[in-house]
Amino acid sequence: MRRYLTVAVLALALAGCAGAPAASPSGPGSTAPLATPASLPASSSPTLSTPSTAPTPSVRTITIELANGKVSPNGSRVNLAKGEPFVLDITSDRNDEVHVHGFDKEIAVKAGKRVKVEMTADRTGRYEVESHHPEMLIVVLQIR
Amino acid sequence: MILPLHGLGSRQDLPLPFEFVLLGAALALVVSFAVLVAAWRRPRFTRPAGRPLPGLTRVVDAPAARAGVRLLALALYAWMALALWFGQDRVTNPVFGFVFVWLWVGLVPLSLLFGPLWRRANPLRTLARLVPRTSARTLSDDAWGRIGVLPGMVTLLGFAWLELVQPDNNTLAVLRWWAVAWVLIVVGGAVLFGERWVGATDPFEVFAERIATLSPWQRIDGVIHLTNPLRHATTAPAPRGAAWVNCTLLGITAYDSFTNTTGWVGWVQSSELPRELWGTAGLLAMTLLVAGTFALAARATAAGWSDAAAASLVPIVVGYSAAHYLSLLVIEGQRTAILASDPLGLGWNVFGTAELGVNTGIFDYPEVVAVIQLAAIVVGHLLGVLIAHDASLAVLRERRVVIGQLPMLVLMIGYTCAGLLLLFSP
Numbered sequence: 001m002r003r004y005l006t007v008a009v010l011a012l013a014l015a016g017c018a019g020a021p022a023a024s025p026s027g028p029g030s031t032a033p034l035a036t037p038a039s040l041p042a043s044s045s046p047t048l049s050t051p052s053t054a055p056t057p058s059v060r061t062i063t064i065e066l067a068n069g070k071v072s073p074n075g076s077r078v079n080l081a082k083g084e085p086f087v088l089d090i091t092s093d094r095n096d097e098v099h100v101h102g103f104d105k106e107i108a109v110k111a112g113k114r115v116k117v118e119m120t121a122d123r124t125g126r127y128e129v130e131s132h133h134p135e136m137l138i139v140v141l142q143i144r
Numbered sequence: 145m146i147l148p149l150h151g152l153g154s155r156q157d158l159p160l161p162f163e164f165v166l167l168g169a170a171l172a173l174v175v176s177f178a179v180l181v182a183a184w185r186r187p188r189f190t191r192p193a194g195r196p197l198p199g200l201t202r203v204v205d206a207p208a209a210r211a212g213v214r215l216l217a218l219a220l221y222a223w224m225a226l227a228l229w230f231g232q233d234r235v236t237n238p239v240f241g242f243v244f245v246w247l248w249v250g251l252v253p254l255s256l257l258f259g260p261l262w263r264r265a266n267p268l269r270t271l272a273r274l275v276p277r278t279s280a281r282t283l284s285d286d287a288w289g290r291i292g293v294l295p296g297m298v299t300l301l302g303f304a305w306l307e308l309v310q311p312d313n314n315t316l317a318v319l320r321w322w323a324v325a326w327v328l329i330v331v332g333g334a335v336l337f338g339e340r341w342v343g344a345t346d347p348f349e350v351f352a353e354r355i356a357t358l359s360p361w362q363r364i365d366g367v368i369h370l371t372n373p374l375r376h377a378t379t380a381p382a383p384r385g386a387a388w389v390n391c392t393l394l395g396i397t398a399y400d401s402f403t404n405t406t407g408w409v410g411w412v413q414s415s416e417l418p419r420e421l422w423g424t425a426g427l428l429a430m431t432l433l434v435a436g437t438f439a440l441a442a443r444a445t446a447a448g449w450s451d452a453a454a455a456s457l458v459p460i461v462v463g464y465s466a467a468h469y470l471s472l473l474v475i476e477g478q479r480t481a482i483l484a485s486d487p488l489g490l491g492w493n494v495f496g497t498a499e500l501g502v503n504t505g506i507f508d509y510p511e512v513v514a515v516i517q518l519a520a521i522v523v524g525h526l527l528g529v530l531i532a533h534d535a536s537l538a539v540l541r542e543r544r545v546v547i548g549q550l551p552m553l554v555l556m557i558g559y560t561c562a563g564l565l566l567l568f569s570p
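Protein chains in written order, with the working numbering: chain A, 1 to 144; chain B, 145 to 570.
Note that these hints are calculated values from the structure, not bench results.
There may be inaccurate statements among the hints.
[What the hints assert, rightly or not] Covered by chain A, according to a simulated footprint, are these stretches of chain B (three or more residues, beta-carbon under 8 Å): (1) 155–163; (2) 405–413; (3) 501–514.
[Stated by the list, open to error] If you want the ones that stay clear, here's a sample from chain A, every Cβ over 12 Å from chain B, calculated: (4) S58; (5) V59; (6) R60; (7) V71; (8) V87; (9) R94; (10) N95; (11) F103; (12) I107; (13) G112; (14) K113; (15) R114; (16) E118; (17) M119; (18) T120; (19) R126.
A virtual CB, placed ideally from N, CA and C, is assigned to each residue, including glycine.
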């Protein structure tokens, strides 16, 4: 139990450091409860968080932010192993869709609401994740 | 293809592993210098030669065969025009895959395997013949020689712009405008100036003709000969502008690949300037970079810039195309064949393909794909170097054969390493 707590605290601390400016000012969306703090740190930074020490099935979270017509991450790559589950954690200041190419997945995003979608990287290749209004390349999934 | 053509090109190949990039670069170096010191010292491909195939020529030239090929291609265009005009504006419309995959990518293997087939099949030529000529103007042979395929370079860039820059190029409204412009320019011009106009302006024919010079089929005095593709490429007549066309083809493929790099994507997306501006500038800059470096290397050799010298670029163009678009051709080519059964989205199954699924087996072998990509680039490089070697022997004096070839060799190593790096996609 102590290890769980340590991990949770660490993750929260990390999230706080990395994402404080982005997470604080927005509306009700930012107060979305954290379901599993140990495995899903609410980091708003564009980088990936992989809690390496977490004993629970660690799911990669790709944190996506759509704000002021810009996207974060801004077209960078994420490496995933074939068969690996991952979570897209999306917040947006506008109504939009996030399209995961090759998986035929269109995720509807509401302004100020946070959406989490769990997916499995079940095929190899490079797949683009894009917003539609405006059309922006957010992240490229590289699955091997 | 970078543009989010929904469904089309929705998956791209994994980056080439970096060890492959190094291996490819090393192979290119070794191959180049091996050719330089060990290959033949007298020009071998000075004139067309090969095994005459009069029987095959008779079959190919039979009126029935000519008409059959024309009708087939015309029917294909008509079918896709149906989809373009009356089909649904959705991913499931086969016209997108037809234009961007079957034509743009598929014409490369088609022309390599069957030679100048597209010139004979080209539905725009058939259309131009169906419309009565106004015979307003006749151009002299001399004038046609000066025009060459230079207009084709412009229309090729136009097509590349549609593919890589044009917003919403995955919608019927946009594609219709381009199709109308294309047919008006090519067929309209042919009505005014004669059918040769098609060969000068139709981007698909212009580019297929360049690729066909690397096929093993060459006509000598009207008879089809089975020949060494290197000899064919070296001795095939190069129309004015062929060098520009080859450089443009290389530039387009390189730019397509370049737009996938994270640096470029991030730069364009955080810029305040419209991305169409970046896209246009990038496409032109890449084409000029290829043409500029080719011009420099050509100037440094005795031969100088010439359309014939650009024959050595054709295998490199083919290698780039194969490495970049193989998976696209396999996957989206199949999808297009499936969708072609139902061009209007009414649930038809005209060719019996509608119920088939795309065989995605190729996804399970990323290593094999990477090996094929590497092989395509390196073999393209080797063939290009051999063509350049033979061509330079014909113009360089004995004592300068090694030194004189160096600039072209360095250029080709540069193109090859750049191609590998773009596949590595930093």
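Status of each hint after checking the structure:
no.: 1; hint: 155–163; in the structure: holds (count 5)
no.: 2; hint: 405–413; in the structure: holds (count 4)
no.: 3; hint: 501–514; in the structure: holds (count 4)
no.: 4; hint: S58; in the structure: holds (23 Å)
no.: 5; hint: V59; in the structure: holds (22 Å)
no.: 6; hint: R60; in the structure: holds (18 Å)
no.: 7; hint: V71; in the structure: violated (7 Å)
no.: 8; hint: V87; in the structure: holds (21 Å)
no.: 9; hint: R94; in the structure: holds (16 Å)
no.: 10; hint: N95; in the structure: holds (19 Å)
no.: 11; hint: F103; in the structure: violated (9 Å)
no.: 12; hint: I107; in the structure: holds (15 Å)
no.: 13; hint: G112; in the structure: holds (23 Å)
no.: 14; hint: K113; in the structure: holds (23 Å)
no.: 15; hint: R114; in the structure: holds (23 Å)
no.: 16; hint: E118; in the structure: holds (20 Å)
no.: 17; hint: M119; in the structure: holds (15 Å)
no.: 18; hint: T120; in the structure: holds (15 Å)
no.: 19; hint: R126; in the structure: violated (4 Å)
The structure does not agree with the numbered hints 7, 11 and 19 stated previously, though it agrees with the rest.
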